[in-house]
Amino acid sequence: MSEENADAIIRMFHVHKRYGSKSALKDFSLDIYKNEYLFVTGRSGAGKTTLLKLLYLGEPVTEGQVLVDGMNLSRIARNRIPHLRRKFGIIFQDYKLIPTKTIFENVALVLEAAGRKPSMIAKKVKSVLRMVGMEDRMNAFPQSLSGGEQQRVAVARAAAGDPKIILADEPTGSLDEESAEVIMSFLDTFHSRGATIVIATHDKELLARGHARIIQLRDGQLWSTEPA
Amino acid sequence: MQRFYRRAIKDILENRFLTAITVITIALSILIAAAFALFFVNAGDMLNFWQKGIRMMVYLKTDATEAERLDTKFRLQGLEGVQEAVYISKEEALARLKAQMAHHSALLENLKENPLPDAFEITLKPSTRNSEELGFLAERVQALPGVTEVEYGQQWIQRFTQVINLFSLAGSGIGALFFMATLFIVANTIRLVLYSRRDEIEIMRLVGATDRFIKIPFYLEGMIQGGAGTIIGLLLLYAGYLALALHFAPGMAGGMIQLRFFSVGVCLAVVLGGTLIGWLGCWVSLKQFMK
Ligand SMILES: Nc1ncnc2c1ncn2[C@@H]1O[C@H](COP(=O)(O)OP(=O)(O)OP(=O)(O)O)[C@@H](O)[C@H]1O
Ligand SMILES: [Mg+2]
Numbered sequence: 001m002s003e004e005n006a007d008a009i010i011r012m013f014h015v016h017k018r019y020g021s022k023s024a025l026k027d028f029s030l031d032i033y034k035n036e037y038l039f040v041t042g043r044s045g046a047g048k049t050t051l052l053k054l055l056y057l058g059e060p061v062t063e064g065q066v067l068v069d070g071m072n073l074s075r076i077a078r079n080r081i082p083h084l085r086r087k088f089g090i091i092f093q094d095y096k097l098i099p100t101k102t103i104f105e106n107v108a109l110v111l112e113a114a115g116r117k118p119s120m121i122a123k124k125v126k127s128v129l130r131m132v133g134m135e136d137r138m139n140a141f142p143q144s145l146s147g148g149e150q151q152r153v154a155v156a157r158a159a160a161g162d163p164k165i166i167l168a169d170e171p172t173g174s175l176d177e178e179s180a181e182v183i184m185s186f187l188d189t190f191h192s193r194g195a196t197i198v199i200a201t202h203d204k205e206l207l208a209r210g211h212a213r214i215i216q217l218r219d220g221q222l223w224s225t226e227p228a
Numbered sequence: 229m230q231r232f233y234r235r236a237i238k239d240i241l242e243n244r245f246l247t248a249i250t251v252i253t254i255a256l257s258i259l260i261a262a263a264f265a266l267f268f269v270n271a272g273d274m275l276n277f278w279q280k281g282i283r284m285m286v287y288l289k290t291d292a293t294e295a296e297r298l299d300t301k302f303r304l305q306g307l308e309g310v311q312e313a314v315y316i317s318k319e320e321a322l323a324r325l326k327a328q329m330a331h332h333s334a335l336l337e338n339l340k341e342n343p344l345p346d347a348f349e350i351t352l353k354p355s356t357r358n359s360e361e362l363g364f365l366a367e368r369v370q371a372l373p374g375v376t377e378v379e380y381g382q383q384w385i386q387r388f389t390q391v392i393n394l395f396s397l398a399g400s401g402i403g404a405l406f407f408m409a410t411l412f413i414v415a416n417t418i419r420l421v422l423y424s425r426r427d428e429i430e431i432m433r434l435v436g437a438t439d440r441f442i443k444i445p446f447y448l449e450g451m452i453q454g455g456a457g458t459i460i461g462l463l464l465l466y467a468g469y470l471a472l473a474l475h476f477a478p479g480m481a482g483g484m485i486q487l488r489f490f491s492v493g494v495c496l497a498v499v500l501g502g503t504l505i506g507w508l509g510c511w512v513s514l515k516q517f518m519k
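Those protein sequence lines, which keep their order, are chains A and B. Residue numbering for the first sequence is 1 to 228, as defined by this note's numbering. Residue numbering for the second sequence is 229 to 519, as defined by this note's numbering.
Warning: the hint list may mix true and false statements.
Claimed, not checked - BS3-like, lysine-lysine: derived pairs with alpha carbons at most 30 Å apart:
| id | chain 1 | residue 1 | chain 2 | residue 2 |
| --- | --- | --- | --- | --- |
| 1 | B | K238 | B | K301 |
| 2 | A | K117 | B | K238 |
| 3 | A | K87 | B | K515 |
Derived by calculation from the structure, the hints in this document are not laboratory data.
Given the sequences, and given the hints that come with them, work out the whole structure.
In C-alpha cells, the structure reads:
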C-alpha cells in the first residue's frame with residue numbers, strides 16, 4: 001500500500017489464495033483502474049475465476065490485501081459485504097440464474113435487493129432485457145432457455161444495477177459469434193458510461209478486439225501484460 | 229414489505245405439502261394444550277362455585293329451649309369467619325325436604341313425628357372458604373353447648389382441590405412440551421425450505437442482497453404457519469366445546485354452572501403466541517443456517 005494510486009479502483013497486494021494445499025494464486029499483485037477495460041486470460045485452471053472471486057469476496061484471500069473502491073476486504077464488516085457486492089455486476093461462468101424464478105424476476109432481484117422502487121424496477125429490467133434481446137422471454141424460466149440465452153440473461157442481470165465494475169467470467173463461452181458481438185457491444189456501452197470492465201476469457205476473438213489491457217495468468221501467477 | 233409478503237406466500241404455495249403438514253401439526257398441538265387450559269378454566273369455575281356455596285349445617289339438641297337456641301345463635305354469630313347464621317326449624321326443614329322430594333312426598337306423609345332436628349345454616353366469609361379454616365371453625369362450633377352435630381363438605385372439597393392442583397401441574401408440563409414441539413416443527417419446516425433454497429440464497433447474497441432482505445420472507449412464513457395453525461387449533465377446540473356444551477351443560481348442577489370458552493382477548497393472545505412461536509422457530513433455523 002506504499003504507492004498511492006488515485007485512479008485504481010481495485011488494488012491487489014501480494015495476494016495468495018490456497019484451496020487446502022492447492023495454490024490457485026501466488027504472490028499476485030495488480031491494479032485495475034477506473035473505467036479500465038481489462039481482459040484476464042490464461043489456460044484452464046490458471047486462476048482466472050479465483051481472481052474474480054477474491055474481488056467480490058466469493059472467497060477470502062489466504063494472504064495479502066485486496067482494496068475495492070476504498071474498501072479493504074480483509075477488514076470489511078460482515079454487514080458491509082452486500083454493499084461491496086452491489087458495486088459489482090457479475091456474470092458467472094455458470095450463470096447462476098435461480099431456476100424457480102422467471103427471467104424477469106431473476107433480473108429484478110438485483111434491484112429489489114438494492115431497495116429500488118418497484119415502478120423503477122419493472123422499467124429497468126425490461127430495458128436491460130431488451131438490450132440483450134431477451135425481452136420477449138421475460139416470463140420464461142431459466143431451464144427453458146438455451147445456454148446462450150441464459151448467458152444473455154446473466155449479462156442483463158449483471159448490468160441492471162448500474163454497477164461501477166462489471167466482472168465477466170467467460171461471458172461469451174456458449175455464444176455464437178453474432179450473439180457474442182451483441183454481448184460485447186452491450187458491455188462496451190457500459191464501459192463508455194464509465195464502468196470498469198474485467199473479463200476473464202480464453203476467447204481469442206475477444207482478445208483481438210483491441211483497445212484493452214490483457215493480462216495472462218499461468219499457474220496462479222502474472223505471466224505477461226499487453227500492451228506492456 | 230408487500231413484496232416480502234409475496235415472496236413468503238409464493239414460498240408457502242411452492243411447498244404446499246410441507247406447509248400443510250406443519251400447520252396441521254401445530255393445530256393439533258395447540259388443540260391439545262388449549263383443551264387442557266380450557267378444562268382448568270371450567271374446573272376452576274366449578275370449584276369457585278362450590279366454595280361460594282359452602283354452608284355449614286349446625287344441628288341442635290332435640291330438647292333445646294328457645295333461650296338456648298338464641299344463645300347459640302349469638303355465639304355462632306360471634307365466631308370469626310361466620311357471615312350469617314340462619315335458623316331453620318325442624319318444620320321448615322321438613323317442608324324443604326318435601327319440596328325437594330315432590331314426587332315421593334307420600335313417603336314423608338306417613339311420618340308420625342318430625343325426625344329432623346332444629347338447625348342453623350351458617351354461611352361463611354370468603355376467607356374461611358378453605359378446608360383448613362373450615363375444620364378449625366367446625367371444631368369450635370362443635371364445642372358450643374346445645375350443638376349435637378356439625379356437617380360440611382370438607383373432605384370432598386379438599387380432594388377435589390388436590391385433583392385440580394395435580395392436573396394443573398400436569399397441564400403446565402404438557403403445555404411446555406407442546407410449546408417445544410410447535411417450536412421444533414416450525415424450525416424444522418423452515419430448515420427444510422432453507423435447505424431446498426440454498427442455491428437461491430447463495431445467489432441472492434452474491435448479487436448483494438442483505439441478510440435482512442433474505443430472511444424477512446422466511447420470518448413471515450414461520451409466523452403465518454404459527455398463526456394459521458393456532459387459529460385452526462382453536463377453531464377445532466371451539467367446535468368440540470360447542471358440542472360438549474350443547475349435550476352436557478344443561479345437566480350440570482341444575483344449569484347453575486355454565487361451561488365457558490376462552491374470552492376473545494385470550495383467543496387473540498393465544499394466536500399471537502402461536503405467531504410468536506413461528507417467528508422463534510424461524511429464528512432458530514436461520515441462526516443455524518446463516519452461520
Ligand atoms: N473451490 C475450490 N476448491 C479447490 N480447488 C479449487 C477451487 N476452485 C478452484 N480450485 C482450483 O484452483 C485452480 C484455479 O481455478 P480457477 O477456477 O480459478 O481456474 P480458471 O482459470 O477459472 O479455469 P477455467 O478457465 O477452467 O475456468 C484450479 O487448479 C482449480 O482446480
Ligand atoms: Mg474459470
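Review point. Quick one, are A/K87 and B/K515 close enough, alpha carbons at most 30 Å?
Key: holds, 27 Å
Straight-line alpha-carbon gap A/K117 to B/K238, limit 30 Å: holds, 20 Å
Note to self: Run the distance test for B/K238 versus B/K301: straight-line Cα separation, threshold 30 Å.
What the structure shows: violated, 78 Å
Figure legend: structure checked against the earlier numbered hints; the only hint not met is number 1.
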